[in-house]
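Kindly produce the complete structure, drawing on both the sequences and the hints.
Chains as they are written, first to last, in our numbering: chain A, 1 to 95; chain B, 1 to 91.
Think of the hints as simulated: they come from the structure by calculation, not from any bench. Small disclaimer: the values here were computed from a predicted structure and weren't measured. Ideal Cβ positions, reconstructed from N, Cα and C, are used throughout, including at glycine. Treat the hints loosely; a few may be bogus.
Unchecked claim - Computed cross-link-like contacts, DSS-like style, restricted to lysine-lysine with a CA-CA straight-line distance of at most 27 Å: (1) K90(B) x K37(A); (2) K23(B) x K37(A); (3) K51(B) x K23(B).
Said to hold, decoys possible - Anything over 10 Å on all C-beta distances counts as not near chain A; from chain B, calculated: (4) S32; (5) T37; (6) I47.
What the hints assert, rightly or not - Pairwise CB distance ranges (calculated): (7) S20(A) x V11(B): 30 to 36 Å; (8) G34(B) x L88(A): 17 to 23 Å; (9) P90(A) x D20(B): 25 to 31 Å; (10) Q66(B) x I7(A): 33 to 39 Å; (11) S20(A) x D20(B): 25 to 31 Å; (12) V11(B) x D93(A): 16 to 22 Å; (13) T37(B) x R87(A): 41 to 47 Å; (14) V15(A) x I47(B): 36 to 42 Å; (15) L41(A) x D20(B): 22 to 28 Å; (16) G8(A) x V82(B): 36 to 42 Å.
Now for the letters of each chain:
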Amino acid sequence: MLLGRVIGTVVPAVVVDELSATPLLWVQPLDRDGRAKGEPLVCADGTRMAGPGQVIYWVASREAALTLEPSFVPVDDAIVGLVDEVRLYPADDFR
Amino acid sequence: MILGRITGSVVSTIHHPVVDGRKLLVAERLDSDGQPTGGYVIAIDAIGAGKGETVLILDEGNGARQILDDADAPVRSVVVGVVDAVELEKS
Numbered sequence: 001m002l003l004g005r006v007i008g009t010v011v012p013a014v015v016v017d018e019l020s021a022t023p024l025l026w027v028q029p030l031d032r033d034g035r036a037k038g039e040p041l042v043c044a045d046g047t048r049m050a051g052p053g054q055v056i057y058w059v060a061s062r063e064a065a066l067t068l069e070p071s072f073v074p075v076d077d078a079i080v081g082l083v084d085e086v087r088l089y090p091a092d093d094f095r
Numbered sequence: 001m002i003l004g005r006i007t008g009s010v011v012s013t014i015h016h017p018v019v020d021g022r023k024l025l026v027a028e029r030l031d032s033d034g035q036p037t038g039g040y041v042i043a044i045d046a047i048g049a050g051k052g053e054t055v056l057i058l059d060e061g062n063g064a065r066q067i068l069d070d071a072d073a074p075v076r077s078v079v080v081g082v083v084d085a086v087e088l089e090k091s
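Here it is in structure tokens:
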């Protein structure tokens, strides 16, 4: 799983039936310090509670589809949870 | 599996049920010399790994679901071991 920030919503006009009730969000992947890293992607929202500005963690591939019910859906990136806080230990503590 | 070092944790109240009661760790990825590669991963803790420890991280979905004993777990990365030493044969 990786960190990301929701930067927008996607409203499809036509989707396959399995995704008709699934929120789709634009997500900017982040590095562990919260800086943008890589290209934005569209994630299905397994929590159904994320919105723009929210920091989340997401998963790709088969595991993404498993966040949804039913889980046999054509999804390859999905939000698993919302981040309240990332606690990074000071590097001096162990280097 | 990959080598990592625990550099932090993630606090999450709203999440998929599989995360309930489990700890999410931030691990930086390490190369075979133990140096950070620049990458990281958020992994579920299966063994009680802690701050600064070098760990073995399973980064594959099917194995992760077996360890978590949940056939529908949307999880790929699980901390499955603490590494004492890595020995490399120098060529």
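Hints, verified against the model:
| no. | hint | result |
| --- | --- | --- |
| 1 | K90(B) x K37(A) | violated (34 Å) |
| 2 | K23(B) x K37(A) | holds (24 Å) |
| 3 | K51(B) x K23(B) | holds (12 Å) |
| 4 | S32 | holds (18 Å) |
| 5 | T37 | holds (12 Å) |
| 6 | I47 | holds (18 Å) |
| 7 | S20(A) x V11(B): 30 to 36 Å | holds (33 Å) |
| 8 | G34(B) x L88(A): 17 to 23 Å | holds (19 Å) |
| 9 | P90(A) x D20(B): 25 to 31 Å | holds (29 Å) |
| 10 | Q66(B) x I7(A): 33 to 39 Å | holds (35 Å) |
| 11 | S20(A) x D20(B): 25 to 31 Å | holds (28 Å) |
| 12 | V11(B) x D93(A): 16 to 22 Å | holds (19 Å) |
| 13 | T37(B) x R87(A): 41 to 47 Å | violated (22 Å) |
| 14 | V15(A) x I47(B): 36 to 42 Å | holds (40 Å) |
| 15 | L41(A) x D20(B): 22 to 28 Å | holds (26 Å) |
| 16 | G8(A) x V82(B): 36 to 42 Å | holds (40 Å) |
In summary, the structure is inconsistent with hints 1, 13 from the numbered list given earlier, while agreeing with the others.
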